[in-house]
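Taken in sequence, the protein lines are chains Z and U. For the first sequence, the working numbering assigns the number 1 to the initial residue and increments by one for each residue that follows. For the second sequence, the working numbering assigns the number 1001 to the initial residue and increments by one for each residue that follows.
Don't read these hints as lab results, they were simulated from the structure. Worth double-checking, as some hints may not be accurate.
[Unchecked claim] Derived lysine to any residue pairs resembling SDA-like cross-links, with alpha carbons at most 25 Å apart:
id	chain 1	residue 1	chain 2	residue 2
1	Z	Lys89	U	Gly1130
2	U	Lys1117	Z	Phe417
3	Z	Lys395	U	Lys1049
4	Z	Lys395	U	Lys1301
5	Z	Lys374	U	Lys1301
6	U	Lys1301	Z	Arg452
7	Z	Lys89	Z	Asp363
8	U	Lys1049	U	Glu1021
These figures come from a predicted structure and were not determined experimentally.
Spelled out from the first residue to the last, the chains are:
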Amino acid sequence: LPGGHGKGDRQVTAGITSFGAYVPASRLPLALIGGRPAKEGGPEKAVAGFDEDSVTMALAAATDCLRGVDRSEVGALYVASTTNPYAEKQAASLLAKALDLRRDVRTADFGGSLRAGTTALLAALDAAAAGSAGPVLVVASDCRLAAPRSALERNFGDGAAAFLVGSGEPAVIVEDRHSIADENLDVWRSGGADFVRTWEERFVVEHGYQECMREAAGEMMARCGLKPADFDRSVLYGPDARSHGSLARKLGFAPEQVQDPLFGRVGNTGAAFAPLLLAAALENAEAGQRLLLASYGDGADVLALLTTERLASLPPRRAVSAHLARRRQLRSYDCYLASRNLSVTEFDRRGGTGIASTVHYRDRDADISFRAMKCRGCGTEHFPAQRVCYRCHAKDDFEPVRLADGGGKVMSFTFDFFFPTSEPPTVVTMIETDGGCRVYLMMADVSPTDVRLDLPVEFTFRKIHEAGGKPNYYWKCTPAWAPNAATAAPATAGGGKP
Amino acid sequence: MNDAIRDKTAVVGVGCSQFGENWDKAPEDMIVEAAYEAYADAGIEDPQKRIDAVFCGSVYPSRGTGEVAESLKLFDRPVSLVQNYCATGTDAFRYAVYALACGACETALVVGFDKPKDRGVSGPSVMMTGVRDLPMTPAGWFSLCAARYFDTYGIGREELAKIAVKNHHNGTLAPKSMLKREITVQDVLDARIISWPFGLYDCAAQSDGAAAAIVTRADVAKSFPNDPVLVKAVAIALAPNPQTDPDFDFLRWKPTVFAARQAYEQAGITDPINQIDVAQVHDCFTMTELLTYEDLGFCEKGAAKEHIEAGTFTLEGELPVNTDGGLKTFGHPTGATGVRMIYENVLQLRGQAGPRQVKGATTALSHNIGGAPQTCGIAIVGTE
């Protein structure tokens, strides 16, 4: 067998120690694409809100994955996406700052292929097995754009999944893995192009997707002597529901073995698709279950995974199911088009000179890491940082406090109909954080009727605008999730090891 | 009492350009219009000799002091520009009063002006130079007290609407006001929402305009033809940004509370509703006027509703407020507004306010609040 593959992994203890996921609350009923009214319970897809992209979704999934984890231990962050908002500039370093990971964290972006999510996972397993970094946080997030009203558009969805990979006591161990590379012009997006393109569907499915997946899965199973019946679950990437179902049958999996691919609810989330389905599978998996994970794109990655007793002892998380339950239906297809800058508007939302890089540099502790400064003299928390305390007037005697993982409540609010957004009005709030810090924030994923005084909130990283032709990120608040949906993540330094 | 200011100076002339969308007028045209009206009002035939110093207030000047000095040809003397958010006009007036009170000059010209209608937008422009503090619109900032106040004191948009109706009525009686149209409570409630709870009619009309005042030392004021209107107090106070203030309760605007304390101390006012006869307050939004009733001590905190219902602040009421229509209908060229209020108060105290005259007024207050809001300026003038 070629080097780097094979049963050698059985001896290495590196595996998945935690997982998380994110599916945006916004749902586009497929009926609206065709100009028909949306029906209750009809097929829909999850779409990133106008203030979300692959970076903000990655942050949400990573936060879900880091529940109960001491984030100062994370040694590397790998971010996989075909839709990093920057062609040149790393998403991982931005996310490391937003996640408050340590300064000497190793960061890398994986992109260019729908397989990037599993490829990043394999690279993380290698790094953890080699002991060259501490636990590796792997995040796959995608927000692909198909031409409006195309067949692809109906199948695409947006979402993210995250895994912590480390040695020690994994919740999921990797029994075997196999990858193949394949050259095929089946699905692509040229540099500078907005929309994903494909060749004719039957060719793409037959000679791209199914051929590669069958070859890679078949070879791995043959090598480790496993049959389809030996797996409790098959977690398969699929371009659409029909091709996915057909592949599962051809691989020899019975319908009850197949992880629900969530078409009609989420959609094909690109590089995050197989990872997202794996997170969904792990939510319901018991110890000792064997899963086959297979991802496609310019070849295929296939992994045989085995869950351990450790899985049940992970702290509660939102993963996929809680996100599926949190839905917010878009008003119209036009709202969706506007949120993707696909409709013609009077003013270009991406125009203007944007934010000075120097200002961004000076403000990144506040704007990206969302740190308040706490007065060492009187304990008053200030946001943004002050040089002189509002209450005791002490000068330059502050320590940072991370607000992102805490919560707050609504002190006051307004609904602004002028701020440019695809879905006016903008809900604007004055928040008092748990630590008594006052922060002026927009509220995400809500309608005016959802807002009231003293409403508990949590914080979410969002794209605030695109002035200067680039995404400009900051935090918003959103109504706090119910306690049973794992509301409060521990603060930076808290929590045990995975 | 701090008596450094009270009765040391007097306003002896006032002028005001037409407020409105003055498409055909440059800032210089409005400055000349206001200043020459003030000269005439003060009986000044040779401003080159009589004006010792000029204090200008403008929030969006293109050149600032140059616009004023060049248009009026007032050179070879101090000309300064003051900026203090929406209290800019009142603060320019304050600088003049201080310069006169200390004896640095004998007669000063105050000019407030702004020309927002050269920007091509009907409201404030949306600024995207940062990610924090957005949306950055005055309607959004000033509405932040509404939800908490509504909930605490049981009022709603109807009470605010009555303020807009009052000011629209008063504006019909002021020749130089921008809007001259009576409206109903229903009109206000039906208008499109700008930033809840503010609909279109809860918001002041942004306009172009300039206003001017001639201020002199009290000891020389009698040499001017009009009865002098004495400056009783002029105060400026800053308060923490309400969006970062760790102690803010969203039931008042602190800048007004702070500036009122100073102004009342200077003027010796202890019972505002009985000692003040007429007031021009900063009704950038209807809710701002409502909170100002309470923050200036015209009534107890939470009592604005009953006074609005009783008509306390109408032209016929106990303490008429915004007799010329206020920012709401007279218009709001930011730097001019504080000076425009002094113009109206001087007319009221001289008995020259025509159909909107408050009978027997001897003490008048003007008030500006601006920023997020963070600043407040108050001037009190009187004839006794």
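Legend entry - Numbers of the earlier hints that this structure fails to satisfy, in rising order: 3, 4, 5, 8
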